[in-house]
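Colleague: My request is simple: use the sequences and hints to build the entire structure.
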Amino acid sequence: MIWTRLLALIVKEMLAAFRDPKARMALVLPPLIQFFLFAFAATLEVSNVPVGVLNQDWGAQSEQLISRFERASAFSEVRRYGSEAEARAAIDRQDVMVVIQIGQDFSRKLAGNEKPTVQLLLDGRKSNSAQILSNYLNTIIAQYSAAYRMGGAAVPPESEIVDRSWYNPNRGYRESMVPVLIATLPMTMVLMIVGMSVARERELGTFEQLLVSPLQPLEIVVGKAVPGLIVGFAQCTIITLIVIFGFGISLTGSALVLFTGLAIFLVSIIGIALFISSLVSNQQQAMMGIMVTMMPLMMLSGFSSPVQNMPDWLQPVAQINPLTHIVVVIRGVFLRDMAFGAVAERLWPMAAIAVVTISAAAWMFRRKIQ
1 MIWTRLLALI VKEMLAAFRD PKARMALVLP PLIQFFLFAF AATLEVSNVP VGVLNQDWGA
61 QSEQLISRFE RASAFSEVRR YGSEAEARAA IDRQDVMVVI QIGQDFSRKL AGNEKPTVQL
121 LLDGRKSNSA QILSNYLNTI IAQYSAAYRM GGAAVPPESE IVDRSWYNPN RGYRESMVPV
181 LIATLPMTMV LMIVGMSVAR ERELGTFEQL LVSPLQPLEI VVGKAVPGLI VGFAQCTIIT
241 LIVIFGFGIS LTGSALVLFT GLAIFLVSII GIALFISSLV SNQQQAMMGI MVTMMPLMML
301 SGFSSPVQNM PDWLQPVAQI NPLTHIVVVI RGVFLRDMAF GAVAERLWPM AAIAVVTISA
361 AAWMFRRKIQ
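Residue numbers (the UniProt record's numbering): 1 to 370.
These are computed hints drawn from the structure, not numbers from a lab.
Check the hints yourself; a few may be wrong.
Using 20 Å as the maximum straight-line C-alpha spacing, the simulated EDC-like pairs for lysine to aspartate or glutamate come out as follows [to be verified]:
| no. | residue 1 | residue 2 |
| --- | --- | --- |
| 1 | K126 | D95 |
| 2 | K12 | D312 |
| 3 | K109 | E77 |
| 4 | K126 | E77 |
| 5 | K126 | D92 |
| 6 | K115 | D105 |
| 7 | K115 | E63 |
| 8 | K12 | E203 |
| 9 | K12 | E201 |
Modeller: Have a look at this one:
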């Protein structure tokens, strides 16, 4: 009897979600558009950047250094400026992100075995890109200085630093960021589907009928949750296939571990959505609650910047965010074969969040019945 009631409610919710052709399109098209936008446009890499040079030396050595900048693959163009005012104006107009200022005594100091100074005038409005550019340019300058002191030899010095990146050898942005979209994009859709469903019924006046039906509060919660879980899991599967076969990012670890983590993550997000929907009275309030919740979930997840970089008082808050844990699991499964013990440390917090939020939502629904 319970299963019959549950199945009827689940079918009703699925029909409500897919009845409108526009709603069906909204479940497929926006996540795919967002996926490709994040994968191709929202990148933290610095490439095809125009840079400026203010050469106040005009010696042979400074021209050799500039030629190295011109050959660098990260720079689309090296523009020369005749004065500091002209260079600063170019940065102000955002024509270039950095101007390399070579002092008048660059060649003399280099020839005299002194340490020449090269000033980098960076556009601080783009702080992350400026930091990456600064590191890249410093490397080029250091390599040129070392090669010059060896008499222009093409061979490297006897002692050199050799770095190796484990798990992501090429240090590619896509290998690190694109797999995380498997969780972040379905999260948005699940919050919308589940969070808006109760509010929509309240506006239509059918939620009160649902509360006085033979369905128990927990059954209502499960019936509202299952359609969101089905849609979210389907989106996770589609995006995973695109990541693996479309972008060529190999799944190093276990697919079973990955989808187990995703299932628990989706249930925890459904719990958050149900709790939001139990507090609001209409769809406008539900939308506001979802928007207010979504931004902290994204910002505190470690998706774009490590949790360890956050203030000490904020890091414990990040641990009650299910997205924080699934980000670690996804990167661990894709970039290395993450051990099950390490995965389990991330699964139980998500399961605890799911239990707490779903129980709270069921309690709120029970209060409305009474």
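Colleague: Evaluate each hint against the coordinates.
Modeller: Against the structure, the hints come out as follows:
1. K126 with D95: holds, 13 Å
2. K12 with D312: Violated, at roughly 46 Å.
3. K109 with E77: This hinted pair is violated, its Cα atoms lying about 28 Å apart.
4. K126 with E77: holds, 19 Å
5. K126 with D92: Holds - the C-alpha atoms of D92 and K126 are around 12 Å apart, at most 20 Å.
6. K115 with D105: With a Cα-Cα distance of about 10 Å, the restraint between K115 and D105 holds, given a limit of 20 Å.
7. K115 with E63: holds, 17 Å
8. K12 with E203: holds, 17 Å
9. K12 with E201: holds, 12 Å
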